[in-house]
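All chains should be modelled from the sequences, with the hints used to inform the complete structure.
Protein sequence lines correspond, in order, to chains A and B. Under the numbering used here, think of the first position of the first sequence as 1, with each following residue one higher. Under the numbering used here, think of the first position of the second sequence as 1, with each following residue one higher.
The set of hints was computed from the structure by calculation and includes no laboratory data. It is possible that part of the hints are untrue.
Claimed, not checked - Each computed EDC-like pair below joins lysine to aspartate or glutamate, with the alpha-carbon atoms no more than 16 Å apart:
# : chain 1 : residue 1 : chain 2 : residue 2
1 : B       : Lys79     : B       : Glu54
2 : A       : Lys167    : A       : Asp75
3 : B       : Lys79     : A       : Asp144
4 : A       : Lys167    : A       : Asp150
5 : B       : Lys75     : B       : Asp128
6 : B       : Lys62     : A       : Asp125
Stated by the list, open to error - Pulled a few chain A residues facing chain B out of the computed Cβ check, cut under 10 Å:
#  : residue
7  : Leu38
8  : Val51
9  : Arg120
10 : Gly143
11 : Gly155
12 : Val156
The beta carbon of each residue, even a glycine, is placed where N, CA and C say it ideally should be.
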Amino acid sequence: MTRSEAGSCRGRAGSNLLRSVSVRTSLAVLAVLAIVGLLTFGLLSKGSSGVALGEVAPAPSLPRLEGEGNGSLADYRGRWVLVNFWASWCIPCRQEAPALEDFQRRHGDGRFTVLGIDSRDLSGDGRAFVERYGLSYPQLRDGDGATAHDYGTTGVPENFLIDPKGKLRLHLVGPVTSENLNDEVAPLLPGGKS
Amino acid sequence: MRTRVALAAGLATALALLAFGALDAQAAKPQTSLTEIESEVMCPVCGTLLELAESPQAQQEKAFVARLVASGRSKDRIKDALVAEYGIAVLALPQGSGFDLSAYLVPIVAFLIAIVALAFGVRKWRRDAGPPDRDRPAPTGPSPEDAERLDADLARYDL
Numbered sequence: 001m002t003r004s005e006a007g008s009c010r011g012r013a014g015s016n017l018l019r020s021v022s023v024r025t026s027l028a029v030l031a032v033l034a035i036v037g038l039l040t041f042g043l044l045s046k047g048s049s050g051v052a053l054g055e056v057a058p059a060p061s062l063p064r065l066e067g068e069g070n071g072s073l074a075d076y077r078g079r080w081v082l083v084n085f086w087a088s089w090c091i092p093c094r095q096e097a098p099a100l101e102d103f104q105r106r107h108g109d110g111r112f113t114v115l116g117i118d119s120r121d122l123s124g125d126g127r128a129f130v131e132r133y134g135l136s137y138p139q140l141r142d143g144d145g146a147t148a149h150d151y152g153t154t155g156v157p158e159n160f161l162i163d164p165k166g167k168l169r170l171h172l173v174g175p176v177t178s179e180n181l182n183d184e185v186a187p188l189l190p191g192g193k194s
Numbered sequence: 001m002r003t004r005v006a007l008a009a010g011l012a013t014a015l016a017l018l019a020f021g022a023l024d025a026q027a028a029k030p031q032t033s034l035t036e037i038e039s040e041v042m043c044p045v046c047g048t049l050l051e052l053a054e055s056p057q058a059q060q061e062k063a064f065v066a067r068l069v070a071s072g073r074s075k076d077r078i079k080d081a082l083v084a085e086y087g088i089a090v091l092a093l094p095q096g097s098g099f100d101l102s103a104y105l106v107p108i109v110a111f112l113i114a115i116v117a118l119a120f121g122v123r124k125w126r127r128d129a130g131p132p133d134r135d136r137p138a139p140t141g142p143s144p145e146d147a148e149r150l151d152a153d154l155a156r157y158d159l
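Below is the structure:
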């Protein structure tokens, strides 16, 4: 074997080694990228949640708690809406229900309504709750809690005051009392009286 | 004659009632248990298995499941009822579709990749290690020169 032939063999062997290493490296990098991509997709698909003051509030179509068909916050465009997230198993929700019903009776008209959203609750228990407290305002069902998640709630009850254009104007965490409603919600409504 | 007919009719009615009673009892017989269901479904509010949860929502869910178990419903029908109330996320096991499918596929793919990598690795190690020991030439003793030098050293140091 001449010196040039030996050099050529060495070069070919080195090139094969390099190719083998680079294929292996590429496969490893691809595998790592695939796993990172999968995890990122999983995180992103859960979506961000929460609505800030001044932003348009989510208005998904939800089944009505009582009766047939669906309803949505969008059905009340042009009115002020106090969206109330609640559940029958939630003790503070029982405390605030009479205050909300009283507020609806005094302020509910073509310009304002309370809209209840029964979240992560059994529909039968939810209907019994509405009947027990004599709630007259409309009620929707959010069985899987997706809408509560979209609003960024951390529990129940939480209340969101939405203006006629569908934008969030006030967010109240925890149970509301008649005082809260009269002092914080009523002044924002048309007429601005408590 | 009339008495016999009346007796036969009464007997038939009694048998029919007994049969219906037996069927009814069989229908209401529990086909699963609360414990079994609790370990396969979630408490949606707590984000844990229902069997580990004690929140008010979990208590409500357990009572619902217990009612369905007592009514004789099968495990699948009870799970269907829970999904109708709380959505698909109430099931503890990932679903076999969409992104959840990756929970089943990723371990299988990772296992296959590991097997292939191991096979390649073993092949490379065997190649690098060279021929097995039995193919190597048997060790021979020291050459005559080495043996002579060894003897001379032993004699010099009086070992």
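Outcome of the hint check:
With a CA separation close to 20 Å, the supplied pair B:Lys79 and B:Glu54 exceeds the 16 Å bound. Note on A:Lys167 and A:Asp75: the hinted pairing holds, with a Cα-Cα distance of about 14 Å set against a maximum of 16 Å. At most 16 Å may separate the alpha-carbon atoms for a hinted pair to count; B:Lys79 and A:Asp144 meet this at roughly 14 Å. With a C-alpha separation of about 14 Å, the suggested pairing of A:Lys167 with A:Asp150 holds against the 16 Å cut-off.
Simply put, B:Lys75 and B:Asp128 have alpha-carbon atoms about 57 Å apart, too far for the 16 Å limit, and the pair is violated. Proximity of B:Lys62 to A:Asp125 is assessed by CA-CA distance (about 13 Å); at most 16 Å being required, the pair is judged to hold. The restraint placing A:Leu38 at the interface with chain B holds, with a minimum CB-CB distance near 6 Å, inside the 10 Å limit. Checking A:Val51 against chain B by beta carbon gives a least distance of about 21 Å; that is not within 10 Å, so the hint is violated.
Because the beta carbon of A:Arg120 sits about 5 Å from the nearest beta carbon in chain B, less than 10 Å, this interface hint is met. A distance limit of 10 Å between C-beta atoms decides the matter here; for A:Gly143 the minimum to chain B is near 5 Å, and the interface restraint holds. Contact between A:Gly155 and chain B, as hinted, is supported at the beta carbon level, the nearest pair being about 8 Å apart and thus within 10 Å. A cut of 10 Å between beta carbons decides the hint on A:Val156: the least distance to chain B is about 9 Å, and the hint holds.
Of the numbered hints stated above, those contradicted by the structure are hints 1, 5, 8, listed in ascending order.
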